[in-house]
Amino acid sequence: MSRYVSIYFSNLLADYLAIKKPELKDKVYVFTMPQSNRIMVTASSKAAEKQGIFANTVLADAKALVPDILAFDDKADFNKKLLVRIAKWAIRYSPIVSIDLPDGIILDSSGCSHLLGGEAKYLETLLAKLKESGYHCRGAISDTIGTSWAVARLGKKSPIIEKGQQYNALLNLPPMALRLEQHIIQRLHKLGFDKIGKFVQLPASMLRRRFGQDLLIRLGQALGTEAESLTPIIVKAAYEERLFCLDPIRTRPAIEIAIEKLLEALCARLAKEGLGIRSAELKGYRLDGRVTETKIGTNQPTHQIAHLAKLFGLKIDQIEPDLGIEVFLMTATKTEPVHVNQEKLWNGKPGLADQSLAQLLDRLAGKVGPEVIRRYVPQAHYWPERSLRPAVSLEEKTEIKWQKSNPRPMEMLHKPATIQVTAPIPDYPPMNFRYKGELHLIKKADGPERIEREWWMEPGEHRDYYVLEDDKGRRYWVFRSGHYDQEHSAWFLHGFFA
Amino acid sequence: MMNVEKQEILTRLRSQISAAQGFKPAPISAGKGFGLDEIEACFPNGVFPTGTIHEFLAEQPEDAAASEGFIAGLLAKLMENGSSCLWISRNRKLFPPSLEAFGVDSQQIIFLDLYYTKDILWVMEEALKCEGLACAIAEIPDIDFAQSRRLQLATEKSHVTGILLRKEPKRSRSATACTARWQIKPQPTEILNGIPGVGNPRWEVNLLKVKNGEGGKFYIEWAEDKFAQFENPNTKAQQPIQIVERGLIA
Chain H
926 MSRYVSIYFS NLLADYLAIK KPELKDKVYV FTMPQSNRIM VTASSKAAEK QGIFANTVLA
986 DAKALVPDIL AFDDKADFNK KLLVRIAKWA IRYSPIVSID LPDGIILDSS GCSHLLGGEA
1046 KYLETLLAKL KESGYHCRGA ISDTIGTSWA VARLGKKSPI IEKGQQYNAL LNLPPMALRL
1106 EQHIIQRLHK LGFDKIGKFV QLPASMLRRR FGQDLLIRLG QALGTEAESL TPIIVKAAYE
1166 ERLFCLDPIR TRPAIEIAIE KLLEALCARL AKEGLGIRSA ELKGYRLDGR VTETKIGTNQ
1226 PTHQIAHLAK LFGLKIDQIE PDLGIEVFLM TATKTEPVHV NQEKLWNGKP GLADQSLAQL
1286 LDRLAGKVGP EVIRRYVPQA HYWPERSLRP AVSLEEKTEI KWQKSNPRPM EMLHKPATIQ
1346 VTAPIPDYPP MNFRYKGELH LIKKADGPER IEREWWMEPG EHRDYYVLED DKGRRYWVFR
1406 SGHYDQEHSA WFLHGFFA
Chain G
22 MMNVEKQEIL TRLRSQISAA QGFKPAPISA GKGFGLDEIE ACFPNGVFPT GTIHEFLAEQ
82 PEDAAASEGF IAGLLAKLME NGSSCLWISR NRKLFPPSLE AFGVDSQQII FLDLYYTKDI
142 LWVMEEALKC EGLACAIAEI PDIDFAQSRR LQLATEKSHV TGILLRKEPK RSRSATACTA
202 RWQIKPQPTE ILNGIPGVGN PRWEVNLLKV KNGEGGKFYI EWAEDKFAQF ENPNTKAQQP
262 IQIVERGLIA
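Protein chains in written order, with the working numbering: chain H, 926 to 1423; chain G, 22 to 271.
Looking at chain H on its own, in the form it has when it is part of the complex (with noise of 0.2 Å):
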């Protein structure tokens, strides 16, 4: 069962101003913001609140209030910015922190809190340490952030609620702290329903059509019978190496030492867990607050750190440290299960499945890009620019065979060159052609093999195949698009036989 703490503060804004500008400390300042011509109190220090000033006044009423009021001007989004930063300190107290806007954070301490000595000490450490630092604050641990948010911010007695007690505590707490909507609230309140407990037993068809599915989810979020999610600020990748350098690293040697120590922290790791990576990324912390990046693919998956390593190595040109790098950061952004090692037998394994041979299209990989090592398997089309087709992996084979019965030429010309032909009559092979200038003479010939073209794809005439031998014995692949002495039939060279 997952545990969650929630924290309040009650006066973000005006804290961590009085923390920056400890003169204004117990004085009566707000946060204003214009809205529609009006000055409005966007937030209000402890001082203010006594005096009855709270967020959503116009200035001028408060002004009424206290004439020596102090103004300072609000920016939106600024109580984020805070939380968000507020956040990041919380992670030494768990690695899961989300903000809870407008004025909260929650933590799931779940498995965190016997690290300070039970639960109570744990939220009392925290609270001491934002108290310490000049926050009003108010916290509460339960088994669900919507109890949990309840209790932070209404509640009365502990704020530790014991482990399947939501209910008892929220009995006695009034609905604003279901967290609804206005609206909703007014209208409980209208119907006399000033406390959970008075409505938490009424049949939920009944609630649902007097206060919407809203009322229904909040009270089961509450209460944990629905599921709620939090949204962490950093989400850790799971396999992620961190190197703090002592001093900033600038030279190519010092860089492949602390490749190397990442990776070995990396791929024991990974090894214990039977993972390899398939990609990794390197970031370097750069002392001029720049980050530089660095990526590799495998393959196939490896926690070998000599070939990761150089794989990096290739890549340590485009590292550009500057003034140096303090810290290097190594994540496995992509990782898949290795094959079983059996090295020597593996090894021994001729062919594309040879491992040495996946290390080997690595390196190229990381040099000269994957998109320029191709294999190609047979696809099922005559037309011979389509019988074939690059294939997605060293892996991939293909039940389809290579046509065998005619023969193809052992270089093909990426587009068909014209020629000038002599062909004696309909269907016959011609008796010379002119390529290039030069003038062949055929001695022998075979065909025509008929290509029909892929209607469905490309319109077009169909081709003629013919083989063709010369008078010094060079082969070559002609075709005719089209029917003899069409309009628009015409010759063309596609390639040479061996």
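It is worth saying that the hints were derived from the structure and are not from the lab.
Treat each hint with caution, since some may be false.
Only some residues are given here: those of chain G computed to face chain H with a beta carbon under 7 Å [as the list claims (entries may be wrong)]:
| hint | residue |
| --- | --- |
| 1 | G90 |
| 2 | P190 |
| 3 | V219 |
Only pairs whose alpha carbons sit at most 25 Å apart, straight line, appear in this in silico DSS-like list of lysine-lysine [said to hold, decoys possible]:
| hint | chain 1 | residue 1 | chain 2 | residue 2 |
| --- | --- | --- | --- | --- |
| 4 | H | K1397 | G | K247 |
| 5 | G | K139 | H | K1240 |
| 6 | G | K150 | H | K1240 |
| 7 | H | K1397 | G | K238 |
| 8 | H | K1240 | H | K1220 |
| 9 | H | K1397 | G | K206 |
| 10 | H | K1235 | G | K247 |
| 11 | H | K1056 | H | K950 |
| 12 | G | K206 | H | K1361 |
Derived CB-CB ranges, DEER-like [claimed, not checked]:
| hint | chain 1 | residue 1 | chain 2 | residue 2 | range |
| --- | --- | --- | --- | --- | --- |
| 13 | G | A196 | H | D1352 | 48 to 54 Å |
| 14 | H | A1278 | G | Q81 | 37 to 43 Å |
| 15 | H | R1314 | G | G215 | 39 to 45 Å |
| 16 | H | T1323 | G | E80 | 49 to 55 Å |
| 17 | G | A196 | H | E1198 | 54 to 60 Å |
| 18 | H | T1323 | G | D165 | 40 to 46 Å |
| 19 | H | A1278 | G | A196 | 24 to 30 Å |
| 20 | G | A244 | H | K1361 | 27 to 33 Å |
| 21 | H | R1314 | G | A244 | 27 to 33 Å |
| 22 | H | R1194 | G | H180 | 36 to 42 Å |
| 23 | G | D126 | H | L1366 | 35 to 41 Å |
All C-beta atoms in this analysis are idealised placements derived from N, C-alpha and C, irrespective of residue type, glycine included.
Add chain G to chain H, keeping to what the hints say.
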């Protein structure tokens, strides 16, 4: 008596020198050779050298196609045990399905299409260091001695066969560290009994240079999935085998 001893010493010295030059007399895995009997006799110990660099000169596109056919025949043997091969080129025209006719599984070949010569050389050297490959082929018009020496050194460690296909070379006569220099030209085909049509591929194979061996001119046909020799009708009357160039090269 004296002569026999001298001969023995000479033979031993020769084998030592060729070993020092990176030639390992290890026979190829199949043990039977490539079926190129007369050509194989040109090489030291009468074995077709794998695990070294061969270069093929092809001045015309027709010669290039013929060379690729001959290379495909060699590949069929080299890749016999299912191992794979790298084909590095700049403006590749090779049509992979055609390799099937020579008994090569073209799905086992990995093609790299690169633009810069220095990239081609780098990839070739890396490929020749990789023991998992049967063969690496690079299409490169020209290569200087130092570059070819680098490739030769890489291949000596790994025993991967390297082939340089030099299409339209500008300096075809310059020295390289390759073990053999070939030139393949197409020859008129023939079908028995005078049936019309185009027959099996036939080539004129010129072995221009062989390290520690003798070159020669041969007529080779690809028939029934293997190399075979045929007698050239034009030349058989005058000269059976014309030796183009002979002797040691650096």
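How the hints compare with the structure:
1. G90: Because about 2 Å separates G/G90 from the closest Cβ in chain H, which is inside the 7 Å limit, the hint holds.
2. P190: Where the cut-off is 7 Å and the nearest Cβ of chain H is about 17 Å from G/P190, the hint is violated.
3. V219: holds (5 Å)
4. H/K1397 / G/K247: holds (24 Å)
5. G/K139 / H/K1240: holds (17 Å)
6. G/K150 / H/K1240: Given pair G/K150, H/K1240 holds - Cα atoms ~20 Å apart, limit 25 Å.
7. H/K1397 / G/K238: Distance ~17 Å between H/K1397 and G/K238 Cα, so the pair holds.
8. H/K1240 / H/K1220: With Cα atoms ~8 Å apart, H/K1240 and H/K1220 stay inside 25 Å; holds.
9. H/K1397 / G/K206: At roughly 10 Å apart (the allowed maximum being 25 Å), G/K206 and H/K1397 satisfy the hint.
10. H/K1235 / G/K247: Violated, at about 42 Å.
11. H/K1056 / H/K950: Given pair H/K1056, H/K950 holds - Cα atoms ~14 Å apart, limit 25 Å.
12. G/K206 / H/K1361: holds (19 Å)
13. G/A196 / H/D1352: 48 to 54 Å: Since G/A196 and H/D1352 have Cβ atoms about 52 Å apart, the given range 48 to 54 Å holds.
14. H/A1278 / G/Q81: 37 to 43 Å: Once the Cβ atoms are compared, 39 Å apart, the range 37 to 43 Å for G/Q81 and H/A1278 holds.
15. H/R1314 / G/G215: 39 to 45 Å: holds (41 Å)
16. H/T1323 / G/E80: 49 to 55 Å: The hinted range 49 to 55 Å is violated for H/T1323 and G/E80, with Cβ atoms some 37 Å apart.
17. G/A196 / H/E1198: 54 to 60 Å: For G/A196 and H/E1198 the Cβ distance comes to about 55 Å; the hint holds.
18. H/T1323 / G/D165: 40 to 46 Å: The hint (40 to 46 Å, Cβ to Cβ) holds, given that H/T1323 and G/D165 are roughly 42 Å apart.
19. H/A1278 / G/A196: 24 to 30 Å: 39 Å Cβ-Cβ, so the 24 to 30 Å window is violated.
20. G/A244 / H/K1361: 27 to 33 Å: About 31 Å separates the Cβ atoms of G/A244 and H/K1361, which means 27 to 33 Å holds.
21. H/R1314 / G/A244: 27 to 33 Å: Given about 31 Å between the Cβ atoms, the range holds.
22. H/R1194 / G/H180: 36 to 42 Å: holds (37 Å)
23. G/D126 / H/L1366: 35 to 41 Å: holds (37 Å)
Hint violations for this structure: numbers 2, 10, 16 and 19, all remaining hints satisfied.
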